[in-house]
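Chemist: So you can see what is in the structure, the chains are spelled out below.
There are 2 protein chains.
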Amino acid sequence: MAAVKIPHMNAGDGETSYANNSLLQKTVILKVRPFLEETIKDMFSSSSPTCFKVADLGCSSGPNTLLVVSEIIDIIQGICHQVNRKSPEFQVFLNDLPENDFNSIFKSIPAFYEILNREKLDSFGACFISGLPGSFYDRLFPTATLHFVHSSYSVHWLSKVPENLENNKGNIYMAKSSPPSVYKSYLEQFQKDFSLFLSLRSEEIICGGRMLLTFIGRSVADPWSKDCCYLWELLTKSILELVDEGQVEESELDSFNLPFYSPYAEEVREIVENQGSFNLEKIKVFEMNWDPNDDVSNKKFVFNKDKSGQSVQSCIRAVTEPILASHFGEGVIDTLFARYAKHVAEHLAFEKTKYINIVVSITKK
Amino acid sequence: MAAVKIPHMNAGDGETSYANNSLLQKTVILKVRPFLEETIKDMFSSSSPTCFKVADLGCSSGPNTLLVVSEIIDIIQGICHQVNRKSPEFQVFLNDLPENDFNSIFKSIPAFYEILNREKLDSFGACFISGLPGSFYDRLFPTATLHFVHSSYSVHWLSKVPENLENNKGNIYMAKSSPPSVYKSYLEQFQKDFSLFLSLRSEEIICGGRMLLTFIGRSVADPWSKDCCYLWELLTKSILELVDEGQVEESELDSFNLPFYSPYAEEVREIVENQGSFNLEKIKVFEMNWDPNDDVSNKKFVFNKDKSGQSVQSCIRAVTEPILASHFGEGVIDTLFARYAKHVAEHLAFEKTKYINIVVSITKK
Numbered sequence: 004m005a006a007v008k009i010p011h012m013n014a015g016d017g018e019t020s021y022a023n024n025s026l027l028q029k030t031v032i033l034k035v036r037p038f039l040e041e042t043i044k045d046m047f048s049s050s051s052p053t054c055f056k057v058a059d060l061g062c063s064s065g066p067n068t069l070l071v072v073s074e075i076i077d078i079i080q081g082i083c084h085q086v087n088r089k090s091p092e093f094q095v096f097l098n099d100l101p102e103n104d105f106n107s108i109f110k111s112i113p114a115f116y117e118i119l120n121r122e123k124l125d126s127f128g129a130c131f132i133s134g135l136p137g138s139f140y141d142r143l144f145p146t147a148t149l150h151f152v153h154s155s156y157s158v159h160w161l162s163k164v165p166e167n168l169e170n171n172k173g174n175i176y177m178a179k180s181s182p183p184s185v186y187k188s189y190l191e192q193f194q195k196d197f198s199l200f201l202s203l204r205s206e207e208i209i210c211g212g213r214m215l216l217t218f219i220g221r222s223v224a225d226p227w228s229k230d231c232c233y234l235w236e237l238l239t240k241s242i243l244e245l246v247d248e249g250q251v252e253e254s255e256l257d258s259f260n261l262p263f264y265s266p267y268a269e270e271v272r273e274i275v276e277n278q279g280s281f282n283l284e285k286i287k288v289f290e291m292n293w294d295p296n297d298d299v300s301n302k303k304f305v306f307n308k309d310k311s312g313q314s315v316q317s318c319i320r321a322v323t324e325p326i327l328a329s330h331f332g333e334g335v336i337d338t339l340f341a342r343y344a345k346h347v348a349e350h351l352a353f354e355k356t357k358y359i360n361i362v363v364s365i366t367k368k
Numbered sequence: 004m005a006a007v008k009i010p011h012m013n014a015g016d017g018e019t020s021y022a023n024n025s026l027l028q029k030t031v032i033l034k035v036r037p038f039l040e041e042t043i044k045d046m047f048s049s050s051s052p053t054c055f056k057v058a059d060l061g062c063s064s065g066p067n068t069l070l071v072v073s074e075i076i077d078i079i080q081g082i083c084h085q086v087n088r089k090s091p092e093f094q095v096f097l098n099d100l101p102e103n104d105f106n107s108i109f110k111s112i113p114a115f116y117e118i119l120n121r122e123k124l125d126s127f128g129a130c131f132i133s134g135l136p137g138s139f140y141d142r143l144f145p146t147a148t149l150h151f152v153h154s155s156y157s158v159h160w161l162s163k164v165p166e167n168l169e170n171n172k173g174n175i176y177m178a179k180s181s182p183p184s185v186y187k188s189y190l191e192q193f194q195k196d197f198s199l200f201l202s203l204r205s206e207e208i209i210c211g212g213r214m215l216l217t218f219i220g221r222s223v224a225d226p227w228s229k230d231c232c233y234l235w236e237l238l239t240k241s242i243l244e245l246v247d248e249g250q251v252e253e254s255e256l257d258s259f260n261l262p263f264y265s266p267y268a269e270e271v272r273e274i275v276e277n278q279g280s281f282n283l284e285k286i287k288v289f290e291m292n293w294d295p296n297d298d299v300s301n302k303k304f305v306f307n308k309d310k311s312g313q314s315v316q317s318c319i320r321a322v323t324e325p326i327l328a329s330h331f332g333e334g335v336i337d338t339l340f341a342r343y344a345k346h347v348a349e350h351l352a353f354e355k356t357k358y359i360n361i362v363v364s365i366t367k368k
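Residue numbers (my numbering), protein chains in the order written: chain A, 4 to 368; chain B, 4 to 368.
Hints listed in this document are in silico derivations from the structure and should not be mistaken for laboratory results. Hints may contain errors.
[Stated by the list, open to error] Computed list of lysine-lysine pairs in DSSO-like fashion (alpha-carbon distance at most 27 Å, straight line):
no., chain 1, residue 1, chain 2, residue 2
1, B, K34, B, K179
2, A, K110, B, K110
3, B, K310, B, K345
4, B, K29, B, K163
5, B, K34, B, K308
6, A, K34, A, K303
7, B, K110, A, K163
8, B, K240, B, K357
9, B, K163, A, K110
[Claimed, not checked] Computed footprint of chain B on chain A; a stretch qualifies when at least three of its residues, placed anywhere within it, have a C-beta under 8 Å from a C-beta of chain B:
no., segment
10, 104-118
11, 134-141
12, 144-153
Don't be surprised by glycine CBs; every beta carbon is placed ideally from N, CA and C.
Produce the complete structure using the sequences and hints provided.
Modeler: Right, here's the structure in full:
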């Protein structure tokens with residue numbers, strides 16, 4: 004199995020960059036807002052720190068990076084205003100892999116502070132944002148120093164491609180045509196990784212501290228359900244066309260598997276309970292259309308299969324291009340995603356398909 | 004007076020980058036090591052935190068950035084080993100302006116952690132490094148959260164060019180030919196800035212916490228002493244040549260002044276005492292040759308005026324190019340520094356000249 008680089012998003016601010024193609028992630032963040040509000044309100048009902056220490060894991064670099072910080076501050080401001088209490092100071096750690104474009108985030112921070120200072124109430128405590136490079140599958144923070152950990156659309160990325168996937172030929176993720184051992188390999192890697200993630204965070208979060216995680220999952224236990232894997236099956240279909248045309252070697256496709264897992268909610272619950280450091284407060288599943296423009300909040304949306312195909316491919320390209328390019332080569336990426344857009348368009352014309360998102364709220368025991 | 008951008012170093016890793024031209028700053032850090040050791044030993048004699056929280060202000064981006072962190076860890080490791088105590092965890096904040104190249108630093112952190120984990124004693128507490136963008140003339144950290152603040156070759160940069168320098172025509176810093184009001188303007192700006200710096204840090208550092216600052220100063224009260232200003236007078240001389248040749252407008256030179264001040268030690272002592280938040284533990288002055296290669300530790304050094312001229316110009320170019328280029332234009336920079344190298348060479352052939360460095364160790368009351 005060829006080594007696959009750990010995923011990071013498309014850098015910069017160009018047409019295919021993550022920064023310009025993160026509407027999907029923004030929509031997720033906005034849909035999770037009620038859970039975020041509930042979690043933070045619950046925390047503040049029992050304690051009220053003078054400095055609220057928060058980490059956003061897998062923050063990436065784009066307009067959503069500071070959106071999460073802004074939402075958290077908004078919510079706490081609201082709580083403090085209601086009970087006529089001074090807002091705490093905020094120490095925020097934005098975490099992602101060292102290859103993430105922190106420079107872009109940092110350059111946008113002075114303007115963010117200006118807006119905060121202009122818009123917030125007089126009682127606003129200062130906000131101090133830093134960037135923390137590293138994998139969330141390693142320790143990132145000193146012992147018992149965080150009140151709240153947030154992570155959106157990140158922990159579905161595994162620490163590495165699972166082992167024993169040699170027999171997953173012609174697929175890039177678990178698919179209908181994969182042997183059952185492939186599901187087992189993916190599940191075991193997720194169990195290992197998510198347990199490790201919980202265990203590392205349990206050392207870093209204070210007792211009573213919270214974690215709110217949102218990630219892609221699936222709606223049913225059956226690992227071959229359409230909402231779990233079909234997005235990737237269409238990508239496989241696109242790669243297979245390139246194989247047929249001699250643009251990609253068959254062995255390259257056979258040796259590639261995504262370091263990604265979309266768990267079923269019960270799998271997540273079981274890992275949290277078995278790992279044992281956190282109480283599971285809430286686990287919810289919600290759907291979103293593949294095309295993030297096709298959302299109830301967008302009243303102007305009129306379905307056009309080609310536009311939706313483009314929209315989905317640009318979201319998927321922004322998050323998978325670095326990993327695909329390092330395996331298949333930069334040269335095939337444009338063609339690959341043009342095919343992908345076409346397949347997605349055809350599929351969506353036939354059947355509206357959704358992402359299944361899992362949101363988990365847990366408390367450190 | 005034209006606006007002058009706040010100084011940041013030459014980015015990247017090219018020939019003229021700060022990263023490749025920071026031997027001077029490295030030499031300073033190594034010479035300050037005994038003071039660093041003394042300061043930290045003194046701190047640890049009275050208290051021993053489980054997590055040592057340290058900030059390096061004006062960390063820049065280059066080989067010295069992690070050198071300071073490494074030295075601090077080394078010293079604390081040594082202390083803990085001597086008294087058979089487990090080393091604390093380290094939370095390190097690397098601070099510089101948002102324009103600083105944090106991405107380069109962050110990419111070098113995984114290798115740094117590997118070396119730490121390989122070389123350090125078994126009792127080594129983990130180290131967690133983050134980057135914090137912002138001006139140290141603003142609040143950077145939550146209230147009373149830092150044990151130790153370090154800053155090397157940064158606080159001689161003022162928050163802005165002093166006011167009322169309209170009559171400092173034909174100079175870029177206080178010079179022999181400047182009217183006395185120029186010295187007054189520079190001193191007042193430094194008093195304001197350094198007081199503010201102390202006052203901001205006093206809110207961030209815990210009681211008993213320390214600060215070790217190293218910066219360029221001068222050896223005598225006389226503001227026109229050679230060791231204070233001559234480096235800049237040679238730069239002025241180089242710009243004047245470009246004015247004579249029509250490459251730079253005279254008005255451009257007249258409207259440019261450096262946001263820099265090299266204080267006399269007594270001026271620093273007075274500000275610390277008047278500001279009142281810190282006890283002055285130690286203030287020392289030490290010299291270093293303009294050419295950092297011309298050091299006792301470099302046994303192979305043989306004086307060659309042209310090499311030394313080059314060496315000094317590359318140090319000065321790395322730290323002043325962004326600010327000079329934004330005022331005079333990119334186009335003249337190569338010529339300007341070629342002239343400067345020649346003038347420095349001629350001067351050093353005639354008289355060996357030194358930087359005067361001030362190192363200050365203070366304790367939060």
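Chemist: Need the status of pair K110/A, K110/B: alpha-carbon distance at most 27 Å?
Modeler: 18 Å, holds
Chemist: Would you check chain B against the segment 134-141 of chain A, counting CB to CB pairs closer than 8 Å, and say if three or more residues qualify?
Modeler: holds (count 4)
Chemist: With the threshold set at 27 Å, check whether the alpha-carbon distance from K163/B to K110/A stays at or below it.
Modeler: 19 Å, holds
Chemist: Under the criterion that the straight-line Cα-Cα distance not exceed 27 Å, is the pair K240/B, K357/B satisfied?
Modeler: Within the cut-off at roughly 19 Å; holds.
Chemist: Has the given pair, K29/B with K163/B, been kept, meaning a C-alpha gap of at most 27 Å?
Modeler: Holds, at about 26 Å.
Chemist: Would the hint linking K34/A and K303/A be met if the CA-CA limit is 27 Å?
Modeler: OK: K34/A and K303/A at ~19 Å, within 27 Å.
Chemist: So is the segment 144-153 of chain A in contact with chain B by the C-beta rule, three or more residues under 8 Å, or is the coverage claim wrong?
Modeler: holds (count 4)
Chemist: Need the status of pair K310/B, K345/B: alpha-carbon distance at most 27 Å?
Modeler: 10 Å, holds
Chemist: Can the restraint linking K110/B and K163/A be considered satisfied, given a maximum Cα separation of 27 Å?
Modeler: 19 Å, holds
Chemist: Given the hinted pair K34/B and K308/B, is their Cα-Cα distance within 27 Å?
Modeler: Between K34/B and K308/B the Cα gap is close to 24 Å, so the pair holds against 27 Å.
Chemist: Run the distance test for K34/B versus K179/B: straight-line Cα separation, threshold 27 Å.
Modeler: Not satisfied, since the Cα-Cα distance of roughly 30 Å exceeds 27 Å.
Chemist: Residue count check for the segment 104-118 of chain A against chain B: does it reach three with CB-CB under 8 Å?
Modeler: holds (count 7)
Violated hint for the displayed structure: number 1, the only one.
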